[in-house]
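J.: Chain by chain, the residues:
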Amino acid sequence: MTYIIYIIVQIMIMLLLAPLINGIIKKIKAFTQKRTGPPILQMYYDLFKLIRKNSVVSEASSWIYKAAPYIVFSTSLTAALLVPVTIKLVPSFNISGDFVIFVSILALGRFFMMAAGLDTGSTFGGMGSSREAMISSLAEPSILVCLFTAGLIAGSTSLDQMMMFMQAKGQGIILMNPAIILLFLALLTIIIMETARIPIDDPSTHLELTMVHEAMILEYSGRHLALMEYGAAIKQLIFITLLVNLLLPHDQFIGAAGLGGILISLLIYFLKVIVITVVIALIEINTVKLRLFSIPNLAALSFILSFLAFLQYFLLGGGYVQLI
Amino acid sequence: MGILQFDNYIQLCILLFFIGSIIALGLNKKARLCNYVSNGISIIATALLAFASIMQIMGGKDVIKLSLLKSTLPFIRLEMTIDGLSAIFLLILSLLTICVSTYSIGYISSYYGKRNVGLFYFLYMSFILSMIFVFTSSNAVFFYIVWEGMALLSYFLVIYESERSENRQAGTLYIVMTHIGTAFLLIGIMISYSYTNSFDLFGSSDAIPAGAKNVIFIMYLLGFGTKAGAIPLHIWLPYAHPAAPSNVSALMSGIMIKTAVYGLIRFVMGFLGLQEAWWGILIIIIGIVSAVLGVAYAMMETDIKRILAYSSVENMGIILLGLGVSFTALAYGNLLVGQLALIASILHTLNHALFKGGLFLGAGSVHYATGTKDIEKLGGLIKKMPISALLVLCFSLAVSSIVPFNGFIGEWLTMQSIFASVAHGKHGINILLILGVAALGLAGALAAACFVRFFGISFLGIERSEHALKAEEVPRSMNIAMGILALICLSIGIFPLVAIKLIDRASYGLLGSSILDQIQGGFLVSWYSMEFTSNRISSFEILAVLVVIILLSLLALRVLGGKYIERRYGTWDCGFEALNSRMQYTATGFSKPIRIIFRILFRPSRKRSTKGGTAYYPETIEYTVDSESVFEKYIYKPVFVRARIWSRRTKFTVQTGNIHNYLTYIFITVIVLMAYNSFI
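Heads up: the sequence lines are chains A and B, in that order. When you line the first sequence up against the working numbering, it's residues 242 to 565, in that order. When you line the second sequence up against the working numbering, it's residues 330 to 1009, in that order.
Everything labelled a hint here was simulated from the structure, so no lab data went into it. The structure presented is a predicted model; accordingly, all values stated were derived computationally and were not measured. Treat the hints with caution; some may be incorrect.
Computed list of chain B residues with no C-beta within reach of chain A, every gap over 12 Å [to be verified]:
id: 1; residue: L344
id: 2; residue: Y524
id: 3; residue: S725
id: 4; residue: R865
id: 5; residue: D902
id: 6; residue: R937
id: 7; residue: V983
As a list, the in silico DSS-like pairs of lysine-lysine whose alpha-carbon atoms are at most 25 Å apart [said to hold, decoys possible]:
id: 8; chain 1: B; residue 1: K799; chain 2: B; residue 2: K443
id: 9; chain 1: B; residue 1: K936; chain 2: B; residue 2: K966
id: 10; chain 1: A; residue 1: K268; chain 2: A; residue 2: K513
id: 11; chain 1: B; residue 1: K443; chain 2: A; residue 2: K307
id: 12; chain 1: B; residue 1: K921; chain 2: A; residue 2: K530
id: 13; chain 1: B; residue 1: K962; chain 2: B; residue 2: K936
id: 14; chain 1: A; residue 1: K307; chain 2: B; residue 2: K830
id: 15; chain 1: B; residue 1: K443; chain 2: A; residue 2: K294
id: 16; chain 1: B; residue 1: K921; chain 2: B; residue 2: K962
id: 17; chain 1: A; residue 1: K410; chain 2: A; residue 2: K307
id: 18; chain 1: B; residue 1: K394; chain 2: B; residue 2: K830
id: 19; chain 1: A; residue 1: K290; chain 2: B; residue 2: K892
id: 20; chain 1: B; residue 1: K706; chain 2: B; residue 2: K966
id: 21; chain 1: A; residue 1: K270; chain 2: A; residue 2: K530
id: 22; chain 1: A; residue 1: K530; chain 2: A; residue 2: K275
id: 23; chain 1: A; residue 1: K270; chain 2: A; residue 2: K290
id: 24; chain 1: B; residue 1: K799; chain 2: B; residue 2: K936
id: 25; chain 1: B; residue 1: K394; chain 2: A; residue 2: K307
For each residue, glycine too, the CB sits at the ideal point set by N, CA and C.
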């Protein structure tokens, strides 16, 4: 029963919150450019409008093209189940999944998205797939090393177990731990790489020289496009959740149990997500898009940060610095 | 001995293959009959073998001993011993061979009247027989003989389509490289014999001093590494696998290169014993390098079978990584982690045999249907061969280690063994292991990219040439064979515990322990590495959740979306209105970002030449991109060139052509040998 409640709450929060992140980022960007910008809830309207529209499907495409949006959307939501929004809700038994399968589920969605890019016979789709293949290949080692190190610190590869460990140990000043700081920076870089944000990819452009994610889904329309966009938004929220709940745990500060405790916990989670969203928006405002072949430098940066975190953990012999 | 005893099944299987190969040779005038009879015999024989090996694994801890020829001389003793390790490799062999033989019924039908089908099946069956012997021989001399036989028979199969000169060259490279490897193996066996005075593989190696053991290990590593295609000894693999007929490539890549894994476990872990941790570390390094570079080179190829051959190098790298972790952990006395890593390694061996076998069969289907292996000439095949396309998609997902297929399980176990190794270990190899994690990640992501390219360029989009236009669905037997393989891949992915249990039992004889206490679950696998928590996954749950979410989203779209009409229309062409198949992304274009980033590996060069018209409006433009393997150019080529120059120079001083000189050589050799014999 708890498991079903967990799944429902998890999925509802992801579904409801994900489009808001994009709205907030757009609003902040518009604000710095002295524009009014679209309403914060614009993406909800867009999604609702898109699913009521008819689709145009390319003549050259096959069933892969039509299956891809559903697979991308459902893999995002399935991956979301492995990243609890609040520890308070996690059932007493473990969730059957760890970070390796988390990465693998997202890879399934990406595989179909890249294949769909090639399916229409359009040059844009192939270009997007080709670039996505490069970026994802570069990001994957950092993600694995980063989560592996966090797992070593916590003694488990399951994401929920890691979060539980972090919050149990987080009574002291968690940000004073160098390994955690390094992991935080590495994961933040990975979020930008994985969610097609500005130094890597510009989500608001349709210029063939720069687009990556948009190029892959260029042919999509109607409900297929809605699913693709929604899937991408959920994936972005998953990574933000991973960052805030793993490396900035908050549940240890809430004594209250039961429904009240869960609600307070969710509220704090929500605030943390907003803060990280603002940080991402600020990064997006203050950087320019990198040249495609400068992306390896960013990937190397995040890899080195996670590698240093591992070294730090390793040199301290697994000890956890507690400054009280 | 009753007829139901399963060691008789193995004897029967060997007999069937032996008779079958002779029958095939006899029937070479009747191609169709020969095709059916030979494949029927191999399917029956391998089914017996599969049954016998499962019985052996499940049955008990004692080994089966068979002997073909006994004599009092120490080395002329052809003995076979089947323990758990042999049985699990025999099982891998039989699973794949059943499918490949089913596939061959359809595939070889295109050879009727063109090639000697009888000869083909003679070689095919003898090749399988030689691999059965490799997995079962308990005597180093016998092992050496069948190892050599396997190399020669596969050489004949590689050059089977010998009218093309590149196939003959590939065969020559293969036979040279494999003999270099075999030479090292022979040296290792001889050194070991000089101390123990026995060729028994199950004997004791206590008489060998530690220093000599190190030398023997290096010899075995070089010998088996060549067969495994480990970088930098891999250069034969991307030439030999594409040259052979596709069903043979499936066997070569699926099983033959796995004999190296078997050899390393049998000779090093079983016979020599693991004393030095650096043995494992060396294997880990080779594994990491092979995994990353193998798939990076696969990304650059445009010949479908060469892509698969390089991908085999990558997967052998992952297998070796697991094996190295196992060797290191065992050398440090960490039995639990060692066994977990060994199971991960053998499981990935099984998985790779299944999905890579399937992919080579898929490549064979593409070749059968289109007559070309060049990925740039394909496209749109999913509409012409929907079943083959679906099956190749399944194998592509499996090789990219994506849930819910079996490739993921192997990678997960390898990752868990590295995790446990780092968490429990107090040794300085942790930095190497974290690089192993990064290598697994990079190789996994590049493999996904490589197989999106493989699948996307050849099966999706618009047909790029007449080859693709004229394609039709292949004969049913070929799709059935691939379907069985895909089904096994999926079921191992969903019910991994069955395979893990089998391998755990199989490795019992080797390590004398079982990790089943640590691994639990029905649908799911959970590995209790730590005292208080478990790491668990369940592909079945993930798959179930995926399906439920897809169904729910379809339902939600129906409720919210209202009336829905889907219109088919041309791909958006920017108003250009002349979009054609040549404007699609090519495979070369697809891999360009990776080629640029890792240019140190590929040394890409490009050439552009224009013809006719003015400089600004030429009539034709020719643009070629070339990438080369650094290993071939900077290691092998200089050596080969030097060797050729040197041998040309010394040719006339040694090989004078004068018979008296040759007689002198023989005489001197005899004297030296006699002198050596009397002094020692």
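J.: What are the numbers of the hints the structure violates, in ascending order?
T.: Hints 3, 4, 5, 11, 14, 15, 17, 20, 24, 25 are the ones this structure does not satisfy, whereas the remaining hints hold.
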